[in-house]
Amino acid sequence: MHFIRKSVLGLMLLLCLPLCAQAMVVVVSKHNPIESLSKTQIIDIYMGRYNTFPNGVLAKPLDRAAGSPEKKRFYQELVGKSEAKINAYWARLLFSGRASPPSSFDTDDEMLNELKTTPQAIGYLLESEVDDSLKVVYRFEK
Amino acid sequence: MQNKIRRPLRTLFYLLLLNTFNNNSVFASEDMFKFSGFATLGAIYNDSNDLGFHTNFKTPARSGFSFAPDSLIGAQANIEFNAQWDAVVQAVYRDKLDDKVLNYLDVAFLRYHLDNSWEIRAGRMNTDIYFLSEYKSVGYAYLWARPPSEFYGKVSSVSQFEGADVLYKRSFGDGFLQIKLGFGESDATVATIGSAFDIHFTNMMMASLTYQQDNWQVRASLLDTKVDEFSASTRTIEEAIALFPPTIWPGGPELRDRLSFVGKKQQFFGLGYQYDNDLWLVQSEVGFIDSEWDLERDTVSGYISVGYQPENITYYATISAVRPTKNNVSDDVGEISPSAPEYAVAIIQSFQPLIRKALDQNLIKQHTFSVGAKWQLSPSLVAKLQVDYSIIANNNFSLWRLYNEPDSGQEVTVSSLNLNWIF
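Protein sequence lines, in the order shown, are assigned to chains A and B. First residue of the first sequence? That's 1 in my numbering, and the numbers climb one at a time after it. First residue of the second sequence? That's 1 in my numbering, and the numbers climb one at a time after it.
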């Protein structure tokens, strides 16, 4: 029994390694003139405080699929909140009419496609998911 | 004066609605409209036969088992015309006292983003004077089965207004500061221990300040308004006063002025604190109502709630209380002329119990202990179980509706189970 538990833990660790070892980065389309953002500026956009980039251009934040490890990790690293807390937070903002939540996608491919083809889109990826069509504007320290 | 303000506001409101539902707008695009909604299916059991429970004065009171007080469904459209202009329309179907279709619209406003720091809105909006001002219909978004009645019951009578407001927001220190100023008016159909009546609040001025940093948030707010229409008449007393000229009853006109609502200020001051570190949650608010009208007694109210959220279940306990701050409002009939005939003196003195009854009909003094649990069943579904035990002081039943003449003091338990969705 003890052996099985250890094996399961080991397997979980092994599966987690590729994800956990990589830094999470915030990216925009390479056509976006923004070169870098501070963590506070990312909080401003993702938590609905401002609906524009610092240069005044409308920002379109994108979310990973609900319940995905990337989404959980992003919000933990950004504001230290669980996904359930983030959902409740956005319910408050949305239904008070203050702001609309980031666009959500069922699959990562849909989200990546939107990110690459929309100049005002902003999203979060693992470092390995970034390609030449995207520009890293913030990197979370591991 | 009131019509001068109300007509342009109403016109703006209707124009906004027309504009909002105009799908042929030149701005129309795929991302322009976003639709969302929320719903609560809630059951309560109120164990009192004498006192009817309602969440605020705008909803009918219920005893025994009922789905009516907490159940509702809401739909919202967010319309983004461009980076500067957007609009929000929110309709909520719930149990309520009035039958005006327009009052199912909680929110319908047009907003202009002047820049990143300034926003201006016009239309119908939630009155932003306490923590849950703008989302108290959305059970999914907060901890309890419903906001504590002691604090929210009375101020919810002005939960929406038609007018305009200005929001200023900016990063300040390590946190985020928001200041809002608003002006407008509001209609409400409300009921306390008596039957329902219509009330119109005019010259509503609102100010709120919110500061949020990491895990905590503080807010302060102010509402200043006057009542200019009130369908619950004090006509009986006024007609009685008119029977006697000031030469017989010099105190009559002064008494009439005391009981009249015209030109009397109603003010609310609120302070709130919230802390949430993802494991522990503390929220507290204190509110003061200062009224120049004797029939609307000054009150102080507040609550403190503590939640513990180890996993998908949050356990919480709340203590809330409300009490009048002016206990000795005089029921004296005032000066009667020494030359008044004996029969007139006797009649005038007989008004005293009527005056006392009018003065005491809105008294609220009670406290409630609540315990509950909130389950996150799925990312969009939350269940809540809550038990409220209320202790009500002698003849201070105004948060309840009277079905039978209650004993002097009362203890009531309301049990609630509800499911809350967002979609």
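Hints are computed from structural coordinates only; laboratory data are not their basis. Fair warning: this is a prediction, and the values are worked out from it, not measured in the lab. Positions of the beta carbon are idealized from the N, C-alpha and C atoms, including for glycine. Some hints here could point you the wrong way.
[Stated by the list, open to error] With a cut-off of at most 20 Å between alpha-carbon atoms, the simulated DMTMM-like pairs for lysine to aspartate or glutamate come out as follows:
hint, chain 1, residue 1, chain 2, residue 2
1, A, K72, B, D278
2, B, K34, A, D131
3, A, K81, B, E311
[Stated by the list, open to error] A short, non-exhaustive set of chain A residues, derived as facing chain B with CB atoms under 8 Å:
hint, residue
4, G48
5, Y50
6, T52
7, L58
8, A66
9, G67
10, G80
11, K85
12, N87
13, S96
14, S100
15, K116
Item to complete: Starting from the hint list further up, note which numbers the structure goes against and sort them upward.
Response: 2, 4 and 15
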